[in-house]
Amino acid sequence: MSGILVLAETRRGELRPVTLELVTAALALKDAAGGRVVLAVVGDEPAALVGALAAPGVDEILTVAAPTPHFEAHGAQQALEALIEAERPDLVLLGHTIDSMGFGPAVAARLGLGFASDVTRVSWDGGPIATRGAYGGKLVAELEFPDRERTLLMLRAGAYDPAEVGGAAPATRAVDVAFEAPPTEHVEFREVAAGDVDITKADFLVSIGRGIEDKDNIAQFEDLAEKLGATLSASRPLVDAGWMSNARQVGQSGKTVQPKVYLALGISGAVQHLAGMQKADTIIAVNTDPDAPIFGVAHYGAVADLFDVAEALEQHFA
Amino acid sequence: MKIVVAVKAVAALDEEVELVDGDTAVDPDGLEWDLNEWDTFSLEEALNLRDAAGDGEVVAVTVGDEEAQDSLLACLAKGADRGVRVWDDALAGADPLAVARVVAAAIEREQPDLVLCGVQSSDAVNGATGVAIAAHLGLPHVAVVKGLQHDAGVATVERELEGGLVEVLRVRLPALLTIQTGINEPRYATLRAIKQARDKPLDELDLGDLDLDEATVSAAAGARVRRLRHPEKGEGAQMLDGSPAEVAARIADIVKERLSG
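Sequence order for the protein chains is Z and H.
Mapping to this note's numbering: the first sequence position 61 is 61, numbers consecutive.
Mapping to this note's numbering: the second sequence position 19 is 19, numbers consecutive.
The shape of chain Z in the complex, shown without the other chains (with noise of 0.2 Å):
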């Protein structure tokens, strides 16, 4: 074929939500691409996910029998490959996430493909066209693949709207992958975020990040957060610390939080920390560093020392 191949990301039996994202970024480019866009999916039983996948303008599915019951990085990367090969896609997509990180590099770096990853954007210019961020998230980078026949690009989780499932299921097919024994063996999945407090609850979130700069000054934002009636959270370099629990944390590997309110102090906004607020309804940031990439995504931004804006604001809520 050319077109495109997706790869759904599940875990635990479940379809995890960047897939249907995935297939949105893939919709939009297949008059471009001029081919199909086909979707596998690689588990214990794949076939039961299918009717979670039939989304209008998929033309196939593609069913892989996974030989261990949860994912693990080398099977997946060996079923990619065999699918890349038989299906002979100009473009691939994943998502940009922990499990895809653990073996979408090595499938582009064995089979020599053009290759991006945390991609926000994907165009077509005669061949994809990948955007993402540099330096940290301060420039844009726009980025091709010449002379290559095949591309893979991880995308971003939230980057793109998830697609629509409805209607016919698309045509399946059962793919064999012949599998090597997995050099790492599964123990068990462990609740590390279990906590007294639940941030995804709370309307209104005060999150503090580096820019606190000690230990000693988090009292200073509980006191202010029960002020406010708001909740305290943070991001992960304070969890890291150990001066905030993981119950508390915002981003990727913490807690995704939609609030009517997020009031991000001293936080620069890495990709991660992005991640789990940029859907807040109404996002306010206050920071030093007028180039934080938390700026590119508040409602409302002011460059100051959050102490001073802190106590301030403390007043206007006795």
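No lab work stands behind these hints: they were computed from the structure.
The reader is advised that the hints may include incorrect statements.
[As the list claims (entries may be wrong)] Derived pair list, reagent style DSSO-like, types lysine-lysine, alpha-carbon separation capped at 30 Å:
hint : chain 1 : residue 1 : chain 2 : residue 2
1    : Z       : Lys138    : Z       : Lys215
2    : Z       : Lys279    : Z       : Lys215
3    : Z       : Lys215    : Z       : Lys260
4    : H       : Lys256    : Z       : Lys279
5    : Z       : Lys201    : Z       : Lys215
6    : H       : Lys2      : Z       : Lys227
7    : Z       : Lys138    : Z       : Lys279
8    : Z       : Lys279    : Z       : Lys227
9    : Z       : Lys260    : H       : Lys256
10   : H       : Lys256    : Z       : Lys215
11   : H       : Lys2      : H       : Lys200
12   : H       : Lys256    : Z       : Lys201
13   : Z       : Lys260    : Z       : Lys138
14   : Z       : Lys227    : Z       : Lys260
15   : H       : Lys195    : H       : Lys2
Given chain Z's structure and the hints, the job is docking chain H onto it.
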């Protein structure tokens, strides 16, 4: 136990950055270099594993020009035993797959028991180089590791998934792991160690030393920069100006209005 840590000197932009080469690159005068934050954690993990094993060697490997030398010296000052810096002008602007090809060739000479990389670099944020290195070396690999225990040639690792979920899995060594921030507390080098770092072995290699050439490296590259640009203005935030008190007053108004709606 012999461990290779692949590290990167990352570039931070000055406020006034100039685009050059037809807007496909940044003027190097506008860059400041530092050891990638993720690599401070992977190095720390390697040093702890070496010290727990009681013997062995930690080798820090990087691809970079002279701007990367200080970052490599920082690794030696923190406790790495040896450094390897690979550079060739053909590597300017190399993408993660091209870099992975070169790093893999440098690691192949070392035959380590374990290779550690950071999950990603703070400037390019590809999250790709480590696993691509593993592919070239034919090593088992686990990405985004936030817990690591080693016992008799088997590593038990915690893979950090989205939304606060962790997968515990076992992988036999030799293997390559990409290390997430927060797995440990990276040490600071003492002034004495910083001085002594200059006396530690540091090999400087070019492509020829690794039996590579420009054609092989450019064939391994996955992408080419078509254009760099500044993020579009106007997409960003409405900025609140004034004194901290004025900013706070505006924020208070916005918060009260949005929460009442």
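Agreement of Z/Lys201 and Z/Lys215 with the hint, judged by alpha carbon distance not exceeding 30 Å: 26 Å, holds
Under the criterion that the straight-line Cα-Cα distance not exceed 30 Å, is the pair Z/Lys215, Z/Lys260 satisfied? It holds: about 27 Å lies between the C-alpha atoms, which stays within 30 Å.
Does H/Lys2 sit within 30 Å of H/Lys195, going by the straight-line distance between their CA atoms? Roughly 24 Å separates the two Cα atoms, so the pair holds.
Within 30 Å, alpha carbon to alpha carbon, are Z/Lys260 and Z/Lys138? 27 Å, holds
Z/Lys279 and Z/Lys227 were given as a pair; does the straight-line alpha-carbon distance stay at or below 30 Å? Cα-Cα ~25 Å, so holds.
What's the verdict on Z/Lys138 and Z/Lys279, does the C-alpha distance respect the 30 Å limit or exceed it? Measuring from Cα to Cα gives roughly 20 Å; hence the hint holds.
Quickly compare the C-alpha distance for H/Lys2 and H/Lys200 to 30 Å and report which way the hint goes. 17 Å, holds
For the pair supplied as a hint, H/Lys256 and Z/Lys215, confirm whether the alpha-carbon distance does not exceed 30 Å. 29 Å, holds
Would the hint linking Z/Lys227 and Z/Lys260 be met if the CA-CA limit is 30 Å? 17 Å, holds
Has the given pair, H/Lys256 with Z/Lys201, been kept, meaning a C-alpha gap of at most 30 Å? Since the Cα atoms of H/Lys256 and Z/Lys201 sit roughly 18 Å apart, the hinted pair holds (cutoff 30 Å).
Please work out if Z/Lys260 and H/Lys256 have their alpha carbons no farther apart than 30 Å. Since the Cα atoms of Z/Lys260 and H/Lys256 sit roughly 11 Å apart, the hinted pair holds (cutoff 30 Å).
Pair hint Z/Lys138 and Z/Lys215, alpha-carbon separation not exceeding 30 Å: 28 Å, holds
Against the hints set out earlier in the document, a violation occurs for number 6 only.
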